[in-house]
Amino acid sequence: MPSLLFCGPKMAACGIVISIWGVIMLGMLGIFFSTKSAILIEDVPFTEEDIRNDKNPPGNIYGLYTQVGINCFIAAGIYVAVGAVSLCQVRLNKRQEYMVT
Amino acid sequence: MVFRSEEMCLAQLFLQSGSEYDCISELGELGLVEFRDLNPSVSSFQRRFVSEIKRCEEMERILGYLLREIQKTHIAVPEEDESPLAPPPRQVLEIMEQLQRLEMELSEVARNKEKLQRNLLELTEYTHMLKITRTFIHSRSRYEEFPTMETDSVSGCTGMQRLGAKLGFVSGLIQRVKVEAFERMLWRVCKGYTILSYAEVDENLTDLDTGEISKSVVFLISFWGDQIGQKVQKICDCYHCHLYPHPENDEERADVLDSLRTRIQDLNNVLHRTEEYLRQVLQKASESAFSWVVQVKKMKAIYHILNLCSFDVTNKCLIAEVWCPVSDLANLRGALEEGARKGDATVPSFVNRIPSSDTPPTLLRTNKFTSGFQSIVEAYGVGDYREVSPAPYTIITFPFLFAVMFGDLGHGIVMSFFALWMVLTEKQQKKKRSSNEIWETFFSGRYIILMMGIFSIYTGLIYNDCFSKSLNIFGSAWSVKAMFTNQQWTNKTLQTNSLLTLDPNVTGVFTGPYPFGIDPIWNLAVNRLSFLNSYKMKMSVVIGVIHMSFGVVLSIFNHLHFQQKFNVYLLFLPELLFLLCLFGYLVFMIVYKWLAFGARDSSQAPSILIHFINMFVMQGKDLAPLYPGQTGLQIFLIVIAMLSVPVMLLGKPLYLYWLYRGGKGLRRRRGYERVRRVSEDDTSAAASYEDDDEDEGLDEMPGREALPKEFDFGDVLLYQSIHTIEFCLGCISNTASYLRLWALSLAHAQLSEVLWGMVMRLGLRMTTRVGVVFLVPVFGLFAVLTVSILLVMEGLSAFLHALRLHWVEFQNKFYHGTGLKFLPFDFSLLPSVFEQDGLL
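Residue numbers (this note's numbering), protein chains in the order written: chain A, 28 to 128; chain B, 585 to 1424.
Bound-form chain B, shown alone:
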């Protein structure tokens, strides 16, 4: 973890025409630099490598289709551990060809399969229809005899002479849901000249157009007359029935059934073979699918980057501008050499560092442990270039402040074990790459949770709170027996009083403070909360003032680094004095009262709050002082604090105004010194950091006779007065804000107590035989509620409040957080479209 962000420089890469692809590929593998766009005015369709990108997108489209087909057949795509390199241009055509061939094959096979399935459905329906209409005919044949039938050439359906009129048959299948409407329509249109009989098909058939599985009904319509026949045909068309020719007699029916059976069997065979073939093709494709996806992704990324570069006039060389960390320049050169070697270049590509007045992006190197803490700092704002980073301190202060609000030994142990499990199995979890965002959030914060859990164990031991019960490790320092031996209490006192107070002034009752943490006897005391509240509130204020002073002290490093030494005297010193004179004194009073007053004179111990208020209103002569000389010291501190306010308010604007106006001849020399110092230093650092109203003296570069920049006194004064008011009022409100440490720990302790009292106690209080078994589910319920309410809900709440304390109360003392993050061109950081779709 680093103190401040890394030094960056702007560099120009000169890439030779033949080897630029390989150089950028090398850079992408290493992830060293961030490319700048040298063609911002060119639209994406006019850039140089548009056709290559289009080709990559075509390949991605085919790959998407391929992966979807593979997913449909439930074949797993094996992933390799090392990702393949971006393919050289000659290999690209091969891959393209393979993909196109695969696509054609797959679409052909899919089409064939669909045709076959449609065919199969027709044959199946026909079979059903034949079987079911057979039952109709046979059930009717009990009543009627059917003389020979003749095929009517006009209507195409079999008809028969009966009672002088032609009896025609139309048979087919219709969907179950439409049957009633169909029947009604037939009745209304044909006015009773039709008879419809229908029966449901047992098997569920898939409608190929919609893909639904629905019930179908076989129907047989017998009608008299040609006109009716045509009407029936039209109605059947309208209801999307599948019509099949009705056989004339039983022999024909049996023949057709047989042939259908064989045809269905053949079709099934063919379908089966087709599916196997399809599976084989997909299996073979799936083996290289992963590497193709990665290669295409890398290729597309390289072409995007190449589009950002500009060609020089001779068109032989590509120029790229990159932000590069100064410490990585050697690696950059090495990467370019490697790329040139791979691309068989005659002229090597080289790097040229150029000065720049733009603000470089901020880079802070992290490892897997520190990246979590860095990300929670960055969620507030990425630090300015070369600003002091609050992240290294956050590693300790954040879990500590969380633990102060969460302090419970048992809960801390459960949380630590959970985090430990995540940390120990992190390799397997990383491979799994679940799509559940909440789990991903918890997993990426596993080290934070581990630290929070460990610190919670520590504060749990201090608060002596384990699932709302105290642990008596060292033996309580309070003795009830001593009250009896000293004749303070008798049996009568016990019988007549419901509450009794142990008096520490009686010998033997209080034998000294508990070695570590809060005495366990407080768990049994009724006035436990009054004691703990006083302790926790004072502790919160003490921690708050220390944290804020630390923040103010950190601002020195920023002032010194950005060469604004005047800020140290005009900003930092008054800020620190104001904070310490008022709230530092409050902390002093708290500690003094703890040390100076004991059990004997505790009744005379004055209220710190009253003294503090009296200090401000300069009253309270009749109050007994805490210590001799108190009034004098307090007046002195108030005066210093009051004096530092105008210094903060007016000091900096007046000083800058004096500089701008020409500080009585001293300025020329000073300015010269400053200019020299600036040009020796990293040029991007000093010139870029400040707001425009602070830097007039420094901006005088070689053209010393040139007019200095605009200096708006009103603007500076306004900015400074806002800062002063914010700081002074903020001191008070922020100190009070730290009282949330007390509030949340109280809430947690009370919730924990309530949960034990309302859940666990019920199970423990049962002494019947049944009660034993009752304890088992009660404990299960207790565990589930502990995890969900106390660990998850309270944990998130304490996390949020600790984070807020860091972001607002700590960081607004020194941190600006208005920078840009360094985003290197790295293949591993590029998102994969297919992973997002869940295809890989």
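Same shape as in the complex, but just chain A:
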């Protein structure tokens, strides 16, 4: 099987750091979007029609909030996968270093 190693030790370490940061931050963002915090209103992609043509205000906006929240959670999940891949790379790098010296 060809070597699964495709990045060096520093790149893999960066990968782990960004993944951990991503998981935590996107997770918290997801929570804050799900609880519909007002501070994040600018980040929700609502348009004028959403506000005007709302049968049940502010249902549309709330729906968009939950949507973005779910997006954040999915992205956090992807970062978990990226983190796992980076961890494997780190382990492979360590093993290779150990074998060479």
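Where hints are given, some of them may not hold.
Straight line, CA to CA, 20 Å or less: simulated DMTMM-like cross-link-like pairs of lysine to aspartate or glutamate [to be verified]:
(1) B:K1076 - A:E76
(2) A:K37 - B:E1021
(3) B:K868 - B:D621
(4) B:K1076 - A:D77
(5) A:K37 - B:E1010
(6) B:K1014 - B:E666
(7) B:K762 - B:E784
(8) B:K952 - B:E921
(9) A:K63 - B:D1103
(10) A:K37 - A:E124
(11) B:K952 - B:D942
(12) B:K1076 - A:E75
(13) A:K37 - B:E1024
(14) B:K1076 - A:D81
(15) B:K1016 - A:E124
(16) B:K1015 - A:E124
If you want the ones that stay clear, here's a sample from chain B, every Cβ over 10 Å from chain A, calculated [said to hold, decoys possible]:
(17) R702
(18) L704
(19) E860
(20) K1014
(21) F1051
(22) T1080
(23) L1138
(24) L1234
(25) W1242
Quick list of the computed label-pair ranges, beta carbon to beta carbon [claimed, not checked]:
(26) A:I88 - B:V1126: 28 to 34 Å
(27) B:R702 - A:M126: 18 to 24 Å
(28) A:I58 - B:V1007: 27 to 33 Å
(29) A:I88 - B:V1007: 24 to 30 Å
(30) A:E75 - B:S1118: 31 to 37 Å
(31) B:L1193 - A:I88: 42 to 48 Å
(32) B:K1015 - A:I88: 55 to 61 Å
(33) A:E75 - B:I1057: 52 to 58 Å
(34) B:Q849 - A:M126: 27 to 33 Å
(35) A:M126 - B:V910: 53 to 59 Å
Don't read these hints as lab results, they were simulated from the structure. We put the beta carbon where it would ideally sit given N, CA and C, even for glycine.
Got chain A; can you put chain B on it based on the hints?
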């Protein structure tokens, strides 16, 4: 961390001749004292221990060669945890012998190896040549028949009779790059009487002289005539071709090829064995290489120190003068006893403390936490002897001022984690000892970064700023609903206005201040910056005045310690009064306005700036006062501030002049008291600190009838007037300088907002299915930009400005920083030449 630097004394060490090496070795291990040079006029070649140092350098040269060879073969040099002691003189010869033997062996083996490799290259080339010329001959043999050839004894190359003329062959190898020129030269010189055929060699051969790997070309020249033959030979020489004898026929060629093959195989074997032997030798040497390096380094250092000492008349005893901290004198004695014991001395070496009028060096003891802060203070200037050190306060004020400029919760958390990782893995990092200077700088400042990060978390909570978003922890105190319930706003107001103002005077809108920090609703407000600017500017001025007053107060301790009590009344008091009457009053006005005016009467709140300016120009009778009695108080403060300027300007020079002239009989008694106090005290302290124009009264030692020192009134007055102008104008400019706390925090907040708005928002605003995956790289980009721009760039910027505030605005109120640092003789502090070359 200490308040002021340690008390030092000058001591004389009397080292007995036999044991001086061991005593100095002990002192080097402990790193207690700094040696002074007792032979400054002697050049380094005339000193006593020059031959020993030359021997050490010879050993270092051999060690350098050894380490380079070890590095070439990629053998790791194992390092021991404890460094070995300096070897006694009898062991030195052993080490020297071993090293010399190793050097000889290594150079011999290297030479042999080179010879063998040259040989191998020749044989390989010959093989290639034979193989390739075979194809030439065979391709030509389709057209021609070659009758028997005879060796021509004159030209040495095989020739054959053909058409009445002798056909000669010259074959060999030439470098690829030279082939065209070679061909052209042959054509021009030999005028067509030669035929050159050539083909490239597949294998890349290393040219041993230059070490390059280049392509070679095998050529075969056939020529008619002797003269041509000689010319061809000369041309080949000129182009540095490697010529090999051309075989006459195929059988000969096959024989030669066979023999070459066996010879190459043998050579390869021998080479392999040689390399293994070399590796073995180097492996064995590498085991003790580290300890040899350390031992030689220590030995050389000891001999350097011995060169600084002087021999006494009887030549039995070595005298050394050292600066030693008074608290370490007992350790010093212990070290000398230990050294004497090791050197089997009959007479013990001893210490004798001597008085001195030189200024001792400054020593401040630090641990791994405080050393970072001490080094940033010392980067400005090492403190004078026994001066108050600003370092202990810097541990708190520096991270705090950094955090005021950096205040962001999220960034603070990332910075703290980074610093925490460095601190927790510090043992492994210290062992690694990377050669990257930038990393070394960050690593040595890890505790500073940790403190900065923790303080940034605190200020981030106060500014309520986390990656440019506010956190609503306690629930906002502002209520929009209340504007509707009180009939201030209706649906029509919403539809006709794009911006609306919440009125805190309406009941229910503003329910009191937010418990900790800035209310999160400000994050949504359009006039956020006007509110925050006012707050941050006032806060900067308040912090600045407090910091500067603290600096002025610290100067009292210096004045009292150096026995200049008059400075307290003539310098410190006017300085403090000037600062507090003007800028302290400004701080008072700021705080008063915050407390006295609320939401109800905020429209009548006067501008502090106008009042402050009016205070100076003594106008503004028509302005509504902030509080009753304001004009009176302001006039009083201005008068005090104005009066303190001439006191600062003329007080000290006049007082010193009065002292010098004989203060109406009071001076004799005073002077006597002072002299007595001085001789009781540490003699080096009082006499050494002051400038020469300040100390006339004190310099009257036992010879009281002697003339006092020169007192130049003009000089003192000039110095004092410069100090006064600097202080007074500096007060204003330094207070304004603290406004950078506001400026940088504003810049940081805005950068953070822009980064979120331009990067993260793009990812969050996508709601399509693809948008989810888009968020992943967008967040990665956001993280990278946050670290590089906001953490590294802004962090360095805030670090620099906080440092400047300390160095200039804080320290010029009390700190002189013109001292010398105490550099003890310590083996662990000596740099290693090999480490610098990257060999160890």
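- For which of the previously enumerated hints does the structure constitute a violation, in increasing order of number? 3, 8, 11, 21, 26, 27, 29, 33
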